[in-house]
Amino acid sequence: MTALALQVASLGRRSVVRTLRQPAAVVFPLLFPVLLLAVNAGGLRAETRLPGFPTDSFLAFALAVPFIQGGLFATGNAGIDLAKDIQTGFLNRLALTPMRGIALLAGELGGVMSLAVVQALFYLAIGLIFGVRLKSGFAGGFVLIALAAVIALGFAAFGAFAALRTGSTEAVNGIFPVFFVFLFISSMNIPRNLMSTTWFRWFATINPVSYLIEGVRSLVISGWNAEALLLAFGIGLGVVVAGFTLAAVSLSERLART
Amino acid sequence: MAAVDNSIEAQALVREFKKGPRAVDGIDLRVEGGEIYGFLGPNGAGKSTTVLMLTTLLPPTSGTARVGGFDVVKQGPQVRKAIGAALQEAALDPLLTGREHLRLQTAMHGIRGEERKRRSDQLLERVGLSEAADRKVKGYSGGMKRRLDLALALVHGPRILFLDEPTTGLDVQSRTALWREVGRLAREDGVTVFLTTQYLEEADVLADRVGIIDRGHIVAEGTPERLKAQIARSTVEALPANAEEKGAVAAVLERFGKQTPGFSPGTVAVQLASSDGHLTEIVRALDQEGLRIAHLQIHEPTLDDVFLAKTGRHLEGAGEAAGNLEPEPAPA
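Chains R and H, in that order, are what the protein sequence lines are.
In this text, residue positions in the first sequence follow our numbering: the first is 1, and each later residue adds one.
In this text, residue positions in the second sequence follow our numbering: the first is 259, and each later residue adds one.
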């Protein structure tokens, strides 16, 4: 193992261990999206009777949403951990070692992504237990988990950016609701072609979160939809690159060592 | 083979913060290899800012500094390889155990496998944390955290150690244990120690040489004995039994020396004009004037007297009196 790989692995392990030792950081990201799924699946079931609705199971339709919400929780986990490291001086401790900045980001985000994969498996298991069957089959499950990991990584990178830019846990907590707004003005509860309110449809169409949801959803209810998957992976990876770049620049400013 | 350079050297080192005064205002210092250098000063004097510059965490505004023979601005990675540092407030992760901290720190330094385990166990043993090694740090006492901090600073076998107020907030027992370990590092392992402190006793007991910093300037430097010898005169402090007689008591005491700020509220103090004992004469003079004294004490010269002589203030409370000039300097 190279020195860089050892640093990344050790920081990733720390990220996972830290999260697992904070029950609230594990339980809420698992339970909250599932509770919201249960509420929506119960309350919005009638939507399936709309002409043109793509499936007769609202649970299958809505199952995509927890994967995105899980990603949003990754924003908080990555960001708050880093902001705490800045506030407590732990980042200075690391800065005094030969640690490379990229190792800190890769380790932290890798740890968050590992937990996001576990979350995604949990959401998928819940869906399967309650009768959802993936139209894309067994292989689609792997692609779904991979997409969930990319989405979590992208959001986590933005959380890391906010933390490194501000050094404040409050600021990181502040961006969490902003991301949630993006979720609510997306196609999370209804397909875009069935939205009758023009301004909402317009927002949902320009909102990248809609395409992330639709990519996950396509694997569940449509099978292999190349366009939806390309858009979802493309946007997801774009968010990863943008978030990671911003975080890396902020980290280099924050690690002002000579 | 060239001799290993374990020295620390700064010339005209300055650090200015935006919208603030110069936290460090042109200091010169030299610490020899294997020496324990005590950097003494009140809160906000510029101690931590100096440490951050010498440890490469904060670029100087101007001036130069070399640590272990390397320039802190141009050769940051080499400096960091040579040094270990325990900065102000033990920066530990409360959710990790002591052993996990060492595991992470060794990994950051590229130490792996059996060597990583051997070194971690050895350091835990050395700082007396073997039994608590697998407990989460959030359950550690202040002294345990400081000892773990020291162990983490030592994982890569540094030649130079920076300790920023390592005993602040510790009880006497923990403080003494840390002093013993720091002393051992310098005497037995030849580690150069740069130690900041606001405790007179710490500088006096531990340091081979002391630099006294105030408002970003080094106002005195030398061995504790030499600095005290420069003052060389004792101080007599009297507490009048009747507070209204404070002026009269001061007038009598001023016959024997120069008035100086008292150590306790309500007291009158003079630094004696010569080193010869005057206590009998002082008591006699006060008695002749009919002045009653509740408490009379003679103070041998201390580093606080040195600070007082150089700055006109006592070290204790000087930070608050001067206004805290040192902003929170941590860059990260």
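Treat the hints loosely; a few may be bogus.
Stated by the list, open to error - As a list, the in silico DSSO-like pairs of lysine-lysine whose alpha-carbon atoms are at most 27 Å apart:
1) H/396 - H/375
2) R/84 - H/394
3) H/486 - H/516
4) R/84 - H/277
5) H/339 - H/375
6) H/568 - H/516
7) H/375 - H/394
8) R/84 - H/276
9) H/486 - H/394
10) H/504 - H/568
11) R/84 - H/339
12) H/339 - H/277
13) H/568 - R/84
14) H/504 - H/516
Unchecked claim - Reference excerpt, derived from the structure (chain R facing chain H, CB under 10 Å, subset only):
15) 9
16) 14
17) 18
18) 24
19) 84
20) 91
21) 94
22) 102
23) 135
24) 136
25) 166
26) 222
27) 224
28) 225
29) 226
30) 227
As the list claims (entries may be wrong) - Sample of chain H residues at the chain R side, in silico, Cβ under 7 Å:
31) 291
32) 292
33) 315
34) 345
35) 347
36) 353
37) 355
38) 357
39) 362
40) 365
In short, the hints are calculated from the structure, not lab data.
The beta-carbon is built from N, C-alpha and C at its ideal position, and this holds for glycine as well.
* To do: Mind listing which of the numbered hints don't hold for this structure, in increasing order?
  => Structure breaks hints 9, 12, 13, 18, 22, 23, 24, 25, 26, 27, 28, 29, 30, 31, 32, 37, 38.
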